[in-house]
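Using the sequences and the hints given, assemble the complete structure.
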Amino acid sequence: MARLYLLYTREGFSKKFPLLRPSVKIGRDADNDLVIDDDFISRRHVDICVNPDSIVVQDAGSKNGFFVDNERKEKAKIKIEESFKIGDVTFTLRRGETDEFSLSEKFQPDSDLVKETKDKEGEEGRSSTKTRALQTIYKEIEEDIFKRVLLFGSFDEFASHLSARLSEIPNFGTLFLVEEAEKEVQNVNIRFSVNGSSEAFNVLKKIMAENPLLFQNRLTVNNTNLTFRSEPVNLRNKNNVLVYFPRKSLTKMSNGRNIESFLLSLAKSLDLLDNILEEKKHLTGKKEKVNGNDEQRDMEIITNSEGVRDLIKQAKKIAESDIFILIEGESGTGKELFARLIHRHSQRHREKFVALNCAAIPENLLESELFGYEKGAFTGAYNRKPGKLELASRGTLVLDEIGDMPLNLQSKLLRAIQENEFYRLGGSTPIKVDLRIISLTHQNIEKLIEEKKFREDLYYRLVHRILTIPPLRERKEDIPSLINFFTNKFCRQKNRSINGYSVKAFEALVNFDWKGNVRQLENEINSIVNLTNDGETVDFDILSEKIKNHYEAKQDQSLNLPPRGNGFYKKPEREEIIEILKKHNWNKSKAARELNMTYHGLHKRMKKMKIKPPELS
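Residue 190 in our numbering sits at position 190 of the sequence shown; the count goes up by one each step and never skips.
It is worth saying that the hints were derived from the structure and are not from the lab. Computed from a predicted structure; not experimentally measured. Any given hint could be a false lead.
[Said to hold, decoys possible] Only pairs whose alpha carbons sit at most 25 angstroms apart, straight line, appear in this in silico SDA-like list of lysine to any residue:
1. LYS268 x GLY173
2. LYS548 x SER197
3. LYS453 x ILE361
4. LYS476 x ARG165
5. LYS316 x LEU4
6. LYS476 x ASN499
7. LYS452 x LEU409
8. LYS313 x ILE466
9. LYS313 x GLU328
10. LYS548 x SER331
11. LYS85 x LEU20
12. LYS25 x LEU7
13. LYS313 x ASP400
14. LYS85 x ARG28
15. LYS313 x GLU474
16. LYS604 x GLN555
17. LYS385 x ALA416
18. LYS73 x ILE36
19. LYS268 x THR227
20. LYS582 x PRO212
21. LYS608 x ILE580
22. LYS316 x LEU467
23. LYS604 x GLU180
24. LYS590 x PRO614
25. LYS515 x GLY334
26. LYS317 x ARG348
27. LYS317 x GLY332
28. LYS388 x GLN410
29. LYS316 x ARG165
30. LYS388 x LEU337
31. LYS515 x SER305
32. LYS205 x GLY601
33. LYS25 x GLU71
34. LYS582 x PRO613
35. LYS432 x SER411
36. LYS476 x ASN195
37. LYS385 x VAL433
38. LYS63 x ILE78
39. LYS317 x PRO18
40. LYS79 x PHE67
This is the structure in structure tokens:
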């Protein structure tokens with residue numbers, strides 16, 4: 001349902017506020033409906049009366065007033081797409097669907113204002129504006145976390161929400177929450193990560209190796225070799241620490257004070273959430289199931305990739321029209337999620353979303369599924385059945401694996417699209433339809449046309465625009481967020497909790513090739529959740545053999561060791577490991593760090609090479 005909302009813009013960032021009540025108060029005090037913490041704004045600045053297609057803004061006795069077209073007003077009527085200003089905050093009245101307000105608490109860059117700022121200000125001015133904008137974002141996220149903390153039913157749900165929020169900040173950097181394990185320094189559990197990557201894991205290992213008091217003391221390191229901030233936090237009577245470090249391109253943390261304040265607030269939020277969930281557990285005797293629309297959550301497109309975010313913007317723009325779309329990409333990349341996104345943001349969103357997989361149905365049944373049939377049309381047709389074309393009329397029809405549609409059926413579909421009508425099998429009365437078709441494929445349709453396996457005239461009827469979804473291996477920055485998301489999803493389904501991932505397990509998942517894309521990753525996390533006991537940490541050993549072998553092969557390559565399975569290792573590599581062990585007085589933790597290996601990786605290598613300390617030889 002379309003509703004009025006205010007889009008208010010400040011320092012190049014915009015935020016939506018839905019006008020759900022007949023009257024709304026704006027001001028600095030906490031009892032206002034819309035609170036804006038700014039010295040220029042009075043405790044209660046303006047009152048707004050909401051009408052069906054406009055609002056009336058009334059000054060509430062403020063010191064600085066509000067302005068329309070640079071003229072101060074006591075009272076003003078604002079229509080849709082018209083604006084008023086309070087200080088440097090611009091409010092624009094707009095109308096939008098209620099599902100847009102899932103983004104209502106997220107600041108989004110306003111391109112015009114950002115461009116204007118860049119044109120007007122020098123380097124120093126731009127830096128100041130960026131710092132103020134980041135400070136605003138950190139404050140908004142902090143407020144959002146404290147407001148929502150009582151609503152989270154599990155730590156995994158909180159982690160998924162937090163990761164999504166922080167990944168929206170341009171150049172945010174990387175954040176880990178790690179829990180200290182009982183044995184070795186390198187053996188820690190990753191509770192969640194934001195913008196994790198192979199390089200990020202190497203930095204994390206370096207931080208842990210060089211800072212033995214990481215879990216006890218707040219640390220700030222800002223030099224050319226290593227730059228990070230950490231904030232210890234005690235969760236479930238165990239030592240945890242938030243570790244933040246900037247992107248590689250940012251050698252110094254120019255907004256360090258904001259980050260320090262944010263990490264401290266986040267640590268308090270984690271502590272509060274931990275106590276609430278523990279209290280719930282004692283009161284109910286079991287974990288709370290998460291409330292909310294799981295189906296809606298599962299339709300989200302989880303991404304930290306700028307390329308995929310651009311595709312989402314394109315999809316929403318395309319959704320405004322009725323043009324036919326071809327979405328191409330490898331199997332498992334999420335093509336149907338984009339089709340559903342287009343449907344949800346189209347004028348047809350109140351009508352049906354109907355999908356038909358052209359590859360999953362035998363050729364002799366595909367025609368009846370698409371066009372339907374009349375009673376008695378063939379043996380077994382005891383009743384009339386409408387086809388997918390008929391069911392999707394005025395809604396959206398998705399033809400999955402369109403490249404597998406038989407040629408004879410392609411010609412019938414072409415006629416139905418051209419005439420906007422068709423006949424059921426065995427029928428003599430034309431059925432009128434209003435169609436919007438989205439086609440999905442993992443094949444090269446143009447190559448199929450050259451091979452005479454797909455009709456060229458149908459192609460140009462079905463394809464007005466093309467969206468190409470990149471494979472997961474080309475957007476590895478999405479993998480940590482997807483791990484968090486799917487872990488949360490399957491923990492909800494199984495009503496269990498998982499105590500994070502070991503560094504080695506998480507690193508192995510992030511660095512895997514994922515030829516089956518998001519679907520393969522989802523299946524892997526599903527099996528991990530099913531095989532991990534309630535409250536345990538996901539360790540490397542529980543991963544599938546393919547992922548473990550891939551990780552260990554990479555480790556072998558880094559040491560120039562021969563492939564596994566040969567039954568032997570060359571003497572020089574064995575001697576090199578022994579030499580480094582002797583150098584560190586057989587301290588495996590220190591030797592592993594110098595060899596760029598995990599502690600358990602070195603232990604396993606020593607066992608395989610039959611390397612033992614002198615006292616055990």
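Going through the hints against the structure:
no.	hint	verdict
1	LYS268 x GLY173	holds, 21 angstroms
2	LYS548 x SER197	holds, 18 angstroms
3	LYS453 x ILE361	holds, 18 angstroms
4	LYS476 x ARG165	holds, 18 angstroms
5	LYS316 x LEU4	holds, 19 angstroms
6	LYS476 x ASN499	holds, 23 angstroms
7	LYS452 x LEU409	holds, 14 angstroms
8	LYS313 x ILE466	holds, 14 angstroms
9	LYS313 x GLU328	holds, 17 angstroms
10	LYS548 x SER331	holds, 23 angstroms
11	LYS85 x LEU20	holds, 21 angstroms
12	LYS25 x LEU7	holds, 15 angstroms
13	LYS313 x ASP400	holds, 22 angstroms
14	LYS85 x ARG28	holds, 15 angstroms
15	LYS313 x GLU474	holds, 19 angstroms
16	LYS604 x GLN555	holds, 12 angstroms
17	LYS385 x ALA416	holds, 18 angstroms
18	LYS73 x ILE36	holds, 20 angstroms
19	LYS268 x THR227	holds, 23 angstroms
20	LYS582 x PRO212	holds, 22 angstroms
21	LYS608 x ILE580	holds, 17 angstroms
22	LYS316 x LEU467	holds, 12 angstroms
23	LYS604 x GLU180	holds, 22 angstroms
24	LYS590 x PRO614	holds, 17 angstroms
25	LYS515 x GLY334	holds, 13 angstroms
26	LYS317 x ARG348	holds, 14 angstroms
27	LYS317 x GLY332	holds, 24 angstroms
28	LYS388 x GLN410	holds, 15 angstroms
29	LYS316 x ARG165	holds, 20 angstroms
30	LYS388 x LEU337	holds, 19 angstroms
31	LYS515 x SER305	holds, 18 angstroms
32	LYS205 x GLY601	holds, 14 angstroms
33	LYS25 x GLU71	holds, 21 angstroms
34	LYS582 x PRO613	holds, 9 angstroms
35	LYS432 x SER411	holds, 18 angstroms
36	LYS476 x ASN195	holds, 9 angstroms
37	LYS385 x VAL433	holds, 16 angstroms
38	LYS63 x ILE78	holds, 21 angstroms
39	LYS317 x PRO18	holds, 22 angstroms
40	LYS79 x PHE67	holds, 15 angstroms
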